[in-house]
Amino acid sequence: MQENIYLPSSSERKRAITAYLLVGVLFFSGKSDLSVYEYYHFKQAIGRYTATMFFLLVLLFVSIIPFVRILSFIPTILVFINLVWIGILVYFAWKGVYASNVVQAPWRKRIYADIGGRMLNLFDIKKNVYGEISNDISSQFPPLGI
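Under my numbering, think of the first position of the sequence shown as 1, with each following residue one higher.
Hints listed in this document are in silico derivations from the structure and should not be mistaken for laboratory results.
Heads up, some of the hints might be wrong.
Unchecked claim - Below are the DSS-like pairs computed for lysine-lysine, each with C-alpha atoms no more than 25 Å apart in a straight line:
# : residue 1 : residue 2
1 : K126      : K109
2 : K14       : K109
3 : K31       : K14
4 : K109      : K127
5 : K109      : K95
What the hints assert, rightly or not - If you anchor each label on the Cβ, the simulated ranges turn out as follows:
# : residue 1 : residue 2 : range
6 : R69       : N128      : 40 to 50 Å
7 : L7        : L60       : 40 to 50 Å
8 : V68       : R108      : 46 to 56 Å
Note that CB positions come from ideal geometry on N, CA and C, so glycine has one too.
Whole structure, please, built from the sequences with the hints as guidance.
So, in structure tokens, the structure goes:
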């Protein structure tokens, strides 16, 4: 089963880490051909920006309304949880981890990729994806070991 897994090169891993920065998202938006690994982390980055903007808009909305201002700690906590999860995703990108079969991955590891994929479909952004896709995900998500 291991021979079918696409192994990203070190330059692909570096590009995937930069995808989590705004400059990397702009870089990947301009490319028409992406590897499986780059496309997965591009979707993760788009989903991350979407979730962060949503949480910040909720925080702004909650902080404006006087009688709901007491609940403003909830979106603040969600923003901080989002930042911690982003750190974990950058760690996965640095280690070369990706989910080639996103449907079989656990929800907590595919949530941003799902959101990013929906955003790409919403704005009709198509990419040519190359690389082998594996159906064995058991070795693709090792324990964090942080």
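Which hint numbers does the structure go against, in order from smallest to largest?
8
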